[in-house]
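Here are the chains, one letter per residue:
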Amino acid sequence: DTEVTQTPKHLVMGMTNKKSLKCEQHMGHRAMYWYKQKAKKPPELMFVYSYEKLSINESVPSRFSPECPNSSLLNLHLHALQPEDSALYLCASSQEVDSTEAFFGQGTRLTVV
Amino acid sequence: GDSVTQMEGPVTLSEEAFLTINCTYTATGYPSLFWYVQYPGEGLQLLLKATKADDKGSNKGFEATYRKETTSFHLEKGSVQVSDSAVYFCALGDRGTASKLTFGTGTRLQVTL
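Taken in sequence, the protein lines are chains U and Z. To get the numbering used here, take the position in the first sequence, counting from 1, and add 35. To get the numbering used here, take the position in the second sequence, counting from 1, and add 986.
Don't read these hints as lab results, they were simulated from the structure. Treat the hints loosely; a few may be bogus.
[To be verified] Computed far set for chain U versus chain Z, every beta-carbon distance over 10 angstroms:
#	residue
1	Gln41
2	Val47
3	Lys53
4	Pro77
5	Phe99
6	Ser100
[Said to hold, decoys possible] Distance condition first, Cα-Cα at most 27 angstroms in a straight line; then the derived DSS-like pairs of lysine-lysine:
#	chain 1	residue 1	chain 2	residue 2
7	U	Lys57	Z	Lys1086
8	Z	Lys1046	U	Lys75
9	Z	Lys1042	U	Lys44
10	U	Lys54	Z	Lys1054
11	Z	Lys1086	U	Lys76
12	U	Lys73	Z	Lys1086
13	Z	Lys1054	Z	Lys1042
[To be verified] Simulated coverage check for chain U against chain Z, where a stretch passes if three residues somewhere in it have a Cβ under 8 angstroms from a Cβ of chain Z:
#	segment
14	105-111
15	116-122
Glycine residues also receive a C-beta, built at the ideal position from the N, C-alpha and C atoms.
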């Protein structure tokens, strides 16, 4: 199994809603990542988790709250988002933080209305 | 900081034409270099990678050579197919890893019959 699975594939939420994005991998990887990709732009790193601990937060606003409940799961909790937060949110994983290969999921396309 | 510069797209080619997508980088230290491909509506797939100078990454007929002297990692394919139509991202990994990827702006490739 070399897959990173993200759910849901699409999400529409209002600015007052609370929602969560989920990412799962069963490759035994100990590093997991969230990236944000705006339309026609490259992905940008948001968070890095290593061994279930947050190791990098790229100055992401607090309305995005990551959580790593176990080594296979990574969540991104969303609250009070703005329309400009609409984007494709990509999860990735790698064996370790210093591995030379990262595997990406298919992403969750988020629309904030 | 680290940065990646890719040639502007879109690139439009006829099937069986030769493809080159230029990529140059700026980095401190010794990064790893990657090419990722993104098909419409999907996440990122790793196409190939190189972890040190003079390494050649190859996959599915695509090749790229890590050139430290010219800080380049150009993507080539001898004969493109319609199914190669996608957006191609050059990326570098911090300190030789895939842990903190910096992406170029992406190059859209359109292959026609």
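Evaluated hints:
no. : hint                     : verdict
1   : Gln41                    : violated, 8 angstroms
2   : Val47                    : holds, 16 angstroms
3   : Lys53                    : holds, 24 angstroms
4   : Pro77                    : violated, 4 angstroms
5   : Phe99                    : holds, 18 angstroms
6   : Ser100                   : holds, 20 angstroms
7   : U:Lys57 with Z:Lys1086   : holds, 20 angstroms
8   : Z:Lys1046 with U:Lys75   : holds, 25 angstroms
9   : Z:Lys1042 with U:Lys44   : violated, 35 angstroms
10  : U:Lys54 with Z:Lys1054   : violated, 45 angstroms
11  : Z:Lys1086 with U:Lys76   : holds, 17 angstroms
12  : U:Lys73 with Z:Lys1086   : holds, 18 angstroms
13  : Z:Lys1054 with Z:Lys1042 : holds, 12 angstroms
14  : 105-111                  : violated (count 0)
15  : 116-122                  : violated (count 0)
Checked against the numbered hints above, the structure breaks hints 1, 4, 9, 10, 14, 15 and satisfies the rest.
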